[in-house]
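Chemist: Sequence:
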Amino acid sequence: MNGVYYEGNFYQNKLTGYGLMMFEDKTYYEGELGIGGSFAGKGSLHYPSGDTIEGTFTGNWEDGIKINGMLQKGVGSPDDENIPKSFGKFSVSADQKWMAIVRQCKDQLGISTGIEVSTAKVWEILATRLETEKQAALRHSAQLDVLDGIDRIPERKGELTYRYFMEIHFYLGKAFGSRLHPLGQLLQLLVDAFRATYGGVVAHPRLLPYAVQEVRSFTSRLYQLVRVLFPDLPREDENVLLEPDMEDQEEIVVTPAFVIHPWLLPHVYSPLSTLYVLHHQPKDEEYWRRLLKWNKQPDTALMTFLGVDVKFWLPEGATIMECSRTLGMVKDQHFTEAIETLQMLSTSFSPRDKLKLIHRTFQQVSKAVMNKLGNDYLWSMDDLFPVFQYVVVRSRIQHLGAEIQLVDDLLDPHMQHGELGIMFTTL
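The sequence shown begins at 1 in full-length UniProt numbering and counts up one residue at a time.
Simulated from the structure, these hints should not be mistaken for lab results. One or more of the hints may lead you astray.
[As the list claims (entries may be wrong)] For lysine-lysine, the following DSS-like pairs were computed, each having C-alpha atoms within a straight-line distance of at most 25 Å:
| hint | residue 1 | residue 2 |
| --- | --- | --- |
| 1 | Lys367 | Lys311 |
| 2 | Lys26 | Lys89 |
| 3 | Lys174 | Lys134 |
| 4 | Lys331 | Lys367 |
| 5 | Lys14 | Lys42 |
[Said to hold, decoys possible] Listed next, with one range per pair, are the computed distances between beta-carbon atoms:
| hint | residue 1 | residue 2 | range |
| --- | --- | --- | --- |
| 6 | Thr336 | Gly64 | 52 to 60 Å |
| 7 | Glu337 | Thr426 | 12 to 20 Å |
| 8 | Lys157 | Arg179 | 47 to 55 Å |
| 9 | Leu71 | Pro209 | 27 to 35 Å |
Remember, predicted model here, so these are calculated numbers, not experimental data. Beta carbons are placed, not taken as given, at the ideal position from N, Cα and C, and that holds for glycine.
Use the sequences and the hints to build the structure in full.
Modeler: Shown next as structure tokens:
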């Protein structure tokens, strides 16, 4: 509210009692709060400099505060973030939120807490419900196939194979996209709740950790329900590697995120990415100013400044002096395919897709170098890092810090290792 972040207890829909206020200049207050988020009693005011005022406070932040207390200089060390120890103390855990919405979906599927679930029984209840929904929808629509196949039960194989998983994936795409399917209804309600909590005028950078926790919670709870319908899927704490049947397909690792993110993240991406942008705004603005300055330079000047070895850009047999006139004004003419690929980072929704774009960017860089130096050329990090820096600078991704943290927060742990992990770390 007015750029101030509040945490505390509500009584009769009013914020009262002991709580926390965090201000845009990184100052925060811990103590008694009054109606409308005002100061109303004993507390302590903490500044990023480490100075603290303890005493009695009345008034509000905009109009002025009356203080009867003691100033203590440099009690804490200066801290750019200045996050209080009580941060998050007054919040509800993500798994305890929206329980009524999830319970409604379970009731629709005939799932009762503490009672063993029969997959066959759940499918039977689901088929009956969908038929009822279909008849109701037909009374208001001339469309014959309003269910679009979500009433056809996929045959259970007893073992999860690549082909069987793709059948499950195809079914879930239709189920989560349907307003008639309990999973589709649940997803829409959770998305509406998420947008109302974190989107629009209520967006605040301090809300980011809670938003990330809710996305993880949504992923877990949706996956638990999906596993009731498809028990051959691995448990939440397991990863299953599936080899494709055809050579042109790539292997996949089935995890809750891999199953749920394609249907969840596109719906919550807008408010979630806004929170990441707000959280990284100061550093990203500094980064963007530097990027604009560097991008005024021609390719040769920029690559020389970044330490890119001349063998990657100097024409064969030429000298720097000979090419200074012809290349001196050339811009955006090197590693163009890699740059165009990395620029797509902001257009993808899931961490997995973003990581694949980073991987493809490295492949495009290697392709360009091998076309020039031969297929036998072997990279060293001393050579690769300046070249990749050039690609990043020329890509002009304004909120790169936000993009990187989003991937880091939501990426499956198994993808943080090996070649992909090294590439992400390099970025």
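Chemist: Find the hints from earlier in the document that the structure breaks and name them by number, from lowest to highest.
Modeler: Hint 8 contradicted; others consistent.
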